[in-house]
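Participant: Each step along the sequence shown adds one to the number in my numbering, with nothing skipped, and position 42 is 42.
To be clear, the hints were calculated from the coordinates, so they are not data collected in a lab. Even for Gly, the Cβ is constructed at its ideal location relative to N, Cα and C. Treat each hint with caution, since some may be false.
[Stated by the list, open to error] Have a look at the derived ranges for each label pair, beta carbon to beta carbon:
#1 Thr6 x Arg53: 18 to 24 Å
#2 Ser51 x Ala9: 30 to 36 Å
#3 Ser69 x Arg22: 29 to 35 Å
#4 Asp14 x Tyr38: 27 to 33 Å
#5 Tyr71 x Arg34: 26 to 32 Å
#6 Arg10 x Leu43: 16 to 22 Å
#7 Thr16 x Tyr38: 15 to 21 Å
#8 Pro57 x Asp15: 15 to 21 Å
#9 Asp15 x Pro73: 26 to 32 Å
#10 Gln23 x Ala70: 24 to 30 Å
#11 Thr16 x Glu61: 18 to 24 Å
#12 Ala30 x Arg67: 26 to 32 Å
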Amino acid sequence: MAQETTAFARLPGDDTLPQRVRQMWVALQAELLRAGAYWEESLAILREMVSHRRAFPSAAEALAWYRQSAYHPPL
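The task is simple: from the sequences and hints, build the whole structure.
Facilitator: Printed below as a string of structure tokens:
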């Protein structure tokens, strides 16, 4: 059985990242939500990826980064 490539794995590591994130927004957000992100967290991560051209190898790593960042409100 072939392994399914995640949406995060299909993202480019070049200047086209913001455009591809916008094109793949729904798939990326779905992966973030499946990884345990709250709706607001998923939106903040995707905005970070577009505005700062920050690529993450997986939804779990993106969520871990966000929860450790200064952007994450204290719970």
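Participant: State for each hint whether it applies.
Facilitator: Results of checking the hints against the structure:
1. Checking the proposed 18 to 24 Å range against Thr6 and Arg53 shows it holds: the Cβ atoms sit about 19 Å from each other.
2. Here the CB-CB span from Ser51 to Ala9 is close to 22 Å, at odds with the stated 30 to 36 Å.
3. The hinted window of 29 to 35 Å between Ser69 and Arg22 is violated, with their beta carbons roughly 22 Å apart.
4. Checked against the hint of 27 to 33 Å, the C-beta distance between Asp14 and Tyr38 comes to roughly 30 Å, which is consistent with it.
5. Distance hint for Tyr71 and Arg34: a CB-CB separation of about 21 Å, inconsistent with the stated range 26 to 32 Å.
6. Between Arg10 and Leu43 the beta carbons are some 20 Å apart, a value that agrees with the proposed interval 16 to 22 Å.
7. The beta-carbon spacing between Thr16 and Tyr38, approximately 28 Å, falls outside the hinted interval of 15 to 21 Å.
8. Under the hint 15 to 21 Å, the C-beta atoms of Pro57 and Asp15, about 18 Å apart, fit the expected range.
9. For Asp15 and Pro73, the hinted distance range of 26 to 32 Å is satisfied, since their beta carbons lie about 31 Å from each other.
10. Taking 24 to 30 Å as the suggested C-beta distance range, the pair Gln23 and Ala70 conforms, at roughly 28 Å.
11. Here the CB-CB span from Thr16 to Glu61 is close to 20 Å, well matched to the stated 18 to 24 Å.
12. Restraint check, Ala30 to Arg67: a C-beta distance of roughly 19 Å breaks the suggested window 26 to 32 Å.
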